[in-house]
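Spelled out, the chains give:
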Amino acid sequence: MRELENGIAVMRGRWLMGAAALESAPESWRIAAEGDPEPELVLLALAAQAGRTAFRPAPDGALVQGEPPPELDLPVMPQRSRAAFRTVLQVAKPAGQADMMRLLAMVAARGWVVHPLDHLPEDSGGLPAVYAPWAAWAARSAGRNAPEGDWLDTENFDLLTPQARRRAFEACRGTDPATARDLIAERGRALPAEQRLALVAAMVIGLGEDDVPFLEGLASDRSAKVRLQASGLLARLGRAADDAALATELADFHAVGRRMLGLAQTSVGPATLKTEPQRRRRDDLYGLVSLDGLAGALGIGREPMLTGWRFKEMRATAGLVQMLLRTGSNEDIAIFATHAVHEGQERLGELIARLAPSSREALIPTLEQVAETAPLVAALAHRLGTLEAAACERLAAVEAVVKQIRAGEETDRRSPGLNQALFDLGLIADAAGAARLLDRFAKAGLARMDPGLALLRFNAGLEPADS
Amino acid sequence: MWMHLDDPSAFAEAAVPDWVDDWRGRRRKTAQPAAPERASTGKSMAAAAVAESETPVDPKAEARARAAAEKRARETERGLLTAAADLEAWIADQLRTGLSGLLEELDQRRRAIAARMVDGKAQALGGRVDELPSRVAALPGEQRVDALIAELGKLVILCRAFRGNPADPELRRAVATAETREALLGSADAPRAGGRWEVVGERVSTRRDGLVAQATWLQSLDSAPAHPFALLLDFFPAALGKRSSAFAEGEQFEGAVVFYPAARPLRAQLVERKAIDGDPLPWPGTVAQDPLAMYQAAQDAAPWTLDTPVVLPEGRIYRHGQMHWWQASGSGEALPLRRAPSQAAAGMTLEQTVGLWDGERLALLAARSPWGRISFDA
Chain A
20 MRELENGIAV
30 MRGRWLMGAA
40 ALESAPESWR
50 IAAEGDPEPE
60 LVLLALAAQA
70 GRTAFRPAPD
80 GALVQGEPPP
90 ELDLPVMPQR
100 SRAAFRTVLQ
110 VAKPAGQADM
120 MRLLAMVAAR
130 GWVVHPLDHL
140 PEDSGGLPAV
150 YAPWAAWAAR
160 SAGRNAPEGD
170 WLDTENFDLL
180 TPQARRRAFE
190 ACRGTDPATA
200 RDLIAERGRA
210 LPAEQRLALV
220 AAMVIGLGED
230 DVPFLEGLAS
240 DRSAKVRLQA
250 SGLLARLGRA
260 ADDAALATEL
270 ADFHAVGRRM
280 LGLAQTSVGP
290 ATLKTEPQRR
300 RRDDLYGLVS
310 LDGLAGALGI
320 GREPMLTGWR
330 FKEMRATAGL
340 VQMLLRTGSN
350 EDIAIFATHA
360 VHEGQERLGE
370 LIARLAPSSR
380 EALIPTLEQV
390 AETAPLVAAL
400 AHRLGTLEAA
410 ACERLAAVEA
420 VVKQIRAGEE
430 TDRRSPGLNQ
440 ALFDLGLIAD
450 AAGAARLLDR
460 FAKAGLARMD
470 PGLALLRFNA
480 GLEPADS
Chain B
-5 MWMHLDDPSA
5 FAEAAVPDWV
15 DDWRGRRRKT
25 AQPAAPERAS
35 TGKSMAAAAV
45 AESETPVDPK
55 AEARARAAAE
65 KRARETERGL
75 LTAAADLEAW
85 IADQLRTGLS
95 GLLEELDQRR
105 RAIAARMVDG
115 KAQALGGRVD
125 ELPSRVAALP
135 GEQRVDALIA
145 ELGKLVILCR
155 AFRGNPADPE
165 LRRAVATAET
175 REALLGSADA
185 PRAGGRWEVV
195 GERVSTRRDG
205 LVAQATWLQS
215 LDSAPAHPFA
225 LLLDFFPAAL
235 GKRSSAFAEG
245 EQFEGAVVFY
255 PAARPLRAQL
265 VERKAIDGDP
275 LPWPGTVAQD
285 PLAMYQAAQD
295 AAPWTLDTPV
305 VLPEGRIYRH
315 GQMHWWQASG
325 SGEALPLRRA
335 PSQAAAGMTL
345 EQTVGLWDGE
355 RLALLAARSP
365 WGRISFDA
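Protein sequence lines, in the order shown, are assigned to chains A and B. Going by our numbering, the residue at position 122 of the first sequence is 141; the numbering climbs one at a time, nothing skipped. Going by our numbering, the residue at position 337 of the second sequence is 331; the numbering climbs one at a time, nothing skipped.
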């Protein structure tokens, strides 16, 4: 065999240069080729076939075995659901990483995990805890020394990946906020600004008076983002350190009045601004002043300001919400979310996401009357895929979707928000609810195999693991 | 016509030459002018029941048409044989001028010869020549020479085999075009197979001639099937855009296929497909000791073929430098992979694997593993 291999190698060399290879061919080949008018073609055919069938490839060194992904605490979803899940990824296309994480959370809530070859989740914020061993495995496979574990201490602080460190830090804050704070105080300064910012932001978990000295110390941090984050946390603790001039300037962009609805009530809203530079300045100030600072400058309390907010300009409301998320306490957010459900609904999803599960649950009966699906997804984030069929049918959002479908039938134009609404409903419904919604939307005129219904179809077929 | 106007005497009356008959025979028939409407006599069932007289058959016209068809068939065969001879001559020229030069200018040089193949009605041969650069360029530099030799050598084998037996339907399919679906279904020589099938892989590729080729591999789930695989091939213009597949990978169905006649039938047409109600069946358990036995048998029967589906025994995927290899658990036989698999598949035990082996690289299609069924991007 070695002789044949060498013979072919010589022939190859001659053909590369354009020389005849007959004289260099193995003897039996030469005899076979000599009688042909084109002996070189005969040799070429023999060399081709020998190269493809007579030899077997062999690696020229040791093969290295990869490490398979570890088994998770939940089983991989059944085969029939895997195809439907792949269809969701292909045609329904979760809009972003947050939607992908919610989809994984819904699957996990049903008692399953995805197959690693259908989707290997990225280790980013919001990854359900059940996937943590895969995140550590992916880090090891990529050559990063990432020990597993959901605890943070001085020994593993520098060894963990940024995502794993943030996850462990969050877990640590949940059970022992002081230890977590001491760790970040001792080791955090050496981290890059982005990683430091993520850990400081995670201090919202278990935030308390004990954190004040450390947060005040961050006023000298070299990153402006970290300084702003720390000042926001301090503001949530009622220790806002606002620049009075900025607070007054922001207050001047607002108008305080009174409205008579049975009882006299304070009304606060953005003043009408004439120029774009004024509006931009107001946007900037929302990012620099705290909720407390604005309320103080307006001369009213935080609660009257939040409950009296007039949703007359979306841009101003967005600025207020940003300020509220940064510097408001959980109570402030709950108050404003309740007011927004009844009055405005803008940026409601973001506000609800900040609430504790018990506060979210309290809002759900009201949210069922809201036409938007995003606030519902946020309110049900801690129990996705569990809304029962009867509750699903009651939702005002479902009625709104039916209207969109019918309007689309009449105008032959699909509503731009329809697919996201269908995806959101697919996230929150339980299997029976998803089946009921599929029937409802099919009756309204949507084809059962419509790509927008992919998540509802997947959901309807995904039985709970323990059933 | 101008010449006739200038000097009509130069035009003498004579019999219509054969080539004119031939040309007229091949022209597309223009639409018949609409028959003048019959005088309206009102609607009548009795009138409708009267059978219209059939046009009498003209035996002379029929004979002429038959003769013209036979002549066309002879011309086509002559064109195909010429195309095969031309390709051999072109390959011989490339050997004389040196394969290093051909490697450098493969894309430019193949265009002219591929066009000549198409002109000679050897579309399949032309398509194969057209795809030469993409198949060779897909390999690392040092392996391109071997790949080029293999591709050209197999073309020589195909051309020689066809010139030796141009009536063979398998060879004609590899050189010209495949039989129509109607002709295939009506053929008594076409093998048929029914039973449970699983879609083990699908590959969609855009060819240089502007067509999109959609290849779907089916695996028979019978315990000892005569034809373990069937390949469904579909072509459509790329200009039509992306077309959704009729199959889902991993899907099982009860169906019947008709194979295009061949020494080892593979390409087929699906004639029946029924969804299954029960649980999916496992893959046939028995796997040949030699993982490449199916490939070797296919090469013995049709040495011009490029790749063959193979069923591999238990193994794993390993890494060596930039390359990934599949290696059998028992024999230790290793096959290099055409593409790097997903990171998650790289360490898994693969209980049984289906792939396409082309003598050089293995393209993984699907596998059974402790994690369930796995699909790979072929």
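It is possible that some hints are incorrect.
As the list claims (entries may be wrong) - Derived DSS-like pairs (lysine-lysine); straight-line CA-CA distance at most 30 Å: (1) B:K65 - A:K112; (2) B:K65 - B:K54; (3) B:K115 - B:K65; (4) A:K331 - A:K422; (5) B:K268 - A:K462; (6) A:K462 - A:K422.
If you are wondering where the hints come from, they were derived from the structure by calculation, not from laboratory data. These figures come from a predicted structure and were not determined experimentally.
If any of the earlier hints don't hold here, list their numbers in rising order.
1
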